[in-house]
Each structure stands twice: as structure tokens, then as C-alpha cells.
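Novice: Sequence:
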Amino acid sequence: MAFPKIRFRTLRKTLKSEKPAPDSNIYHTLPSTSTAPQPTTAFDFVSDFVILQILKSLDVHELLKVRLVSKRLNNIVQRHSEQLAKVERSGFVLIGLPGDKTSFLGASNYEPQDVAVPIRHMDQGLRHVAIRDAPQDVAVPIRHMDQGLRHVAIRDAVTVEGVHMDYRACQMMQRSFRCHIPKLEIYGGQIDVDSATFCKLVCRWNVSDLSVGDLNVSRQLIDDRFFRVNRQLRNFSAAFSDKQMLPALTDATLEKWWVNENWPSTLVLKNCQTSITNDGIIALVKGLVYFARSRALTVGGSCDSEPILWDFGIICDSQQEMVKSVNSLFPNTASIVEEGSELLVLVEENTPIRLKIAYYPRDCPHSDSDC
114 MAFPKIRFRT LRKTLKSEKP APDSNIYHTL PSTSTAPQPT TAFDFVSDFV
164 ILQILKSLDV HELLKVRLVS KRLNNIVQRH SEQLAKVERS GFVLIGLPGD
214 KTSFLGASNY EPQDVAVPIR HMDQGLRHVA IRDAPQDVAV PIRHMDQGLR
264 HVAIRDAVTV EGVHMDYRAC QMMQRSFRCH IPKLEIYGGQ IDVDSATFCK
314 LVCRWNVSDL SVGDLNVSRQ LIDDRFFRVN RQLRNFSAAF SDKQMLPALT
364 DATLEKWWVN ENWPSTLVLK NCQTSITNDG IIALVKGLVY FARSRALTVG
414 GSCDSEPILW DFGIICDSQQ EMVKSVNSLF PNTASIVEEG SELLVLVEEN
464 TPIRLKIAYY PRDCPHSDSD C
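Each residue of the sequence shown is one higher than the last, beginning at 114 in this note's numbering.
Incorrect hints may appear among the rest.
Unchecked claim - Below are the BS3-like pairs computed for lysine-lysine, each with C-alpha atoms no more than 27 Å apart in a straight line:
1. 399 - 313
2. 199 - 169
3. 469 - 437
4. 296 - 437
5. 313 - 296
6. 437 - 383
7. 383 - 369
8. 199 - 356
9. 399 - 437
10. 369 - 356
11. 356 - 313
What the hints assert, rightly or not - Taking CB as the label site, the calculated pair distances span:
12. 453 - 281: 42 to 48 Å
13. 268 - 193: 47 to 53 Å
14. 372 - 305: 50 to 56 Å
These are computed hints drawn from the structure, not numbers from a lab. Think of the CB as a built atom: it goes at the ideal place given N, C-alpha and C, for glycine as much as any other residue.
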């Protein structure tokens, strides 16, 4: 940047013609834009650590009252909520309804003394207050949903019904439920996130029993990576009234199961069409039977194991080839029941295995149209 030349003669004349500046002793008489100082109290000199130790001795109802005292106390409770008392509930049900209707959040199987919270699911947010005390038109934005739920500890299950689970809702749910959730059920509504985000949500809660059904999901939501990351899943169910395409779920998942000797005891893919084939199913069953036999030999005698129930949904392969493969591999321990295009396979080994498969022609394309 080029600065103009300074003429010192002109500058000297200008300084002589200016009025003298006010004396430093009369600054208090000049107009000021600063606000009046706030009065200080003894509470302002107490450290957050000392306050936190006091808050740890309070129950959850007293904590909710303390949050209303001052902004500082509210911030301390919010930041350290995991170290403070919580209300334990066996489960919660989150129901969202479209438009301007009211939805509810409450304890599943709750008793009359339990507290339920209604939520209004609107474009601008979720609204929640106490059911008995407040009218239904009291609201808070969705970004504040976690302020009340962070005082709740879930023991068993969380059920989500008819809620549009976008990125913002998933983020608020993660901030609201920071504990281990053994069972998660999602029905109706829509899961409007990518596979990685949904996978992270299930993994962060360490869900061992997951059920989804009759909701709008992406074709790529359940893929091989989902089961590779969430190895803690013991029961998985995806049930839909109409055919749901899940082409990203392939034989690679089944291969990982028998190679790592870790598989869910229950798998239900009702009306779900995947990329799984007969070869992947046969390899999985062979690996499971081999593992059960070797385990029985290791411990000596018979070894009782958890029964296996797998419903592989719809696959595009040959039904007769599966029948021949099962009869040749397990001639004495397998029984087959054919019901039209559905095949039921029962393998009575050390680990009882129940398989259910719905077949369509081998050349069935992976599309939304019927085969």
C-alpha cells in the first residue's frame, strides 16, 4: 500500500491549531459507554471443583432446581452430567408425529409414578415438558433435547417410532443417551443418514439387540461394514411389509462370521433382498458346525450352545442346489421343509441351526422391481 508523502510543515501547523486534550484527572466527567460493574458475591469466588463436589451429593430432582438458580450452575451441571445423579429407567419410547401434532417421550412399561415427557415434532424443533404439569404448547428447540435426557440412565431399551432420524436428530440422540443401550428398536419414520453415521450410532451405544422395520431406509444403510464394525450384535432384525433392497449386504459378511467365529444368534431379514448367495450360506453353516464340533471335543462330550435362527430373506439363487448341498453335507443331521419358494433347513448338531430362505430365480436383478 502506497502512503502519501507527509509534509511536516503542514503537520506542525495543524498540531498548533488544535485544542489541548482534556486533562487525565477529569476522565470521570467524560461520557462513557461501559456498563455499570456487576456486584460480586462470595459465590463468585468458589471454584467449579468445589461446586461440583457439592452437586454430587444432590439427587436428580434437586439438580433440576439448581440449574434454574444461575447460568453458572446450569453450565456446571450440563458439563459434568455424567458424574451426577440420574433417574434410572428400564427404557424409553420416543414417538414422533408429522405436522403440528404432539409426540411423546416416556419410560417404556412405566408405572404411574414415572415421569413421561411429551414432545412436539415440528419443523423448528422438538418440544418437551412434563406431562402432568405443563400444557402441550410449551417447547424447546431440537438442539436442546439433550438438556433433559442427559439426566436419565437407560437400563434396557430405547424404542424410536415414527421419527425422522436425520443427522441433527442422530446427533441429539447421541448426546442425550450416553450410556450403554442393550436393545434398540426403530419402527416407522425414516432413517435419513448414511451407513457410516448409522453404524457409528449403533456402535457408540454398544447395542446388542437391534430391530428395524417398516420405515424408509437407504439401499446402502445395512452393508458389510455395518456388521464388521458392530461385532457386538447378538440379535438383528429387519422386517418390512414390502420388499426392501439391501444389495450392499453380501457373502463377505457371512465369511467374516465363520472366520472370526463370531456371529449373531438371531438374524431376521424379512422381505429383504440382499446379495447373499447359496455358497455364502453353505460356507457359514459348515464353519459353524466345524466350530461346534471342535468345541465339543475340547470340553469333552456334548457341548450345549445357543441355538441359531437365521432368516436370510430373499436371495436370487437356485433352491434345488441348496437342497442338494445340504443333503450331501449333512445327510444324517439335516431336515428340509419346502413351502413353495421358501426353504426351511434344520441342522441338528451340537449347535441347533434353523435357516429360512425365500428364493427367486438366479437371474433376478437387484432392482426395486419384482423378480
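Novice: Does each hint hold? Answer for all of them.
Specialist: Hint-by-hint comparison with the structure:
Restraint check for residue 399 and residue 313: the C-alpha separation of about 31 Å exceeds 27 Å, so the hint is violated. For a cut-off of 27 Å, the pair hint linking residue 199 to residue 169 stands: about 11 Å separates their Cα positions. As the CA atoms of residue 469 and residue 437 are separated by approximately 16 Å, the hinted pair is consistent with the 27 Å bound. At roughly 38 Å between alpha-carbon atoms, residue 296 and residue 437 are farther apart than 27 Å, so this suggested pair is violated.
Distance hint between residue 313 and residue 296 is fulfilled; the C-alpha atoms sit about 15 Å from each other, no more than 27 Å. Straight-line distance between C-alpha atoms of residue 437 and residue 383 comes to about 24 Å, which keeps the hinted pair within the 27 Å bound. The straight-line distance between the Cα atoms of residue 383 and residue 369 is roughly 22 Å, inside the 27 Å bound, and the hint therefore holds. Proposed proximity of residue 199 and residue 356 is contradicted: the alpha carbons are some 42 Å apart, above 27 Å.
Our distance criterion of 27 Å between C-alpha atoms is met by residue 399 and residue 437, whose separation comes to about 15 Å. Note on residue 369 and residue 356: the hinted pairing holds, with a Cα-Cα distance of about 26 Å set against a maximum of 27 Å. As the CA atoms of residue 356 and residue 313 are separated by approximately 26 Å, the hinted pair is consistent with the 27 Å bound. In this structure, residue 453 and residue 281 meet the distance hint of 42 to 48 Å, their C-beta atoms being roughly 45 Å apart.
Separation of residue 268 from residue 193 is about 22 Å and departs from the stated range, judged on CB atoms against 47 to 53 Å. Our hint of 50 to 56 Å for residue 372 and residue 305 is violated, since their Cβ atoms are close to 34 Å apart.
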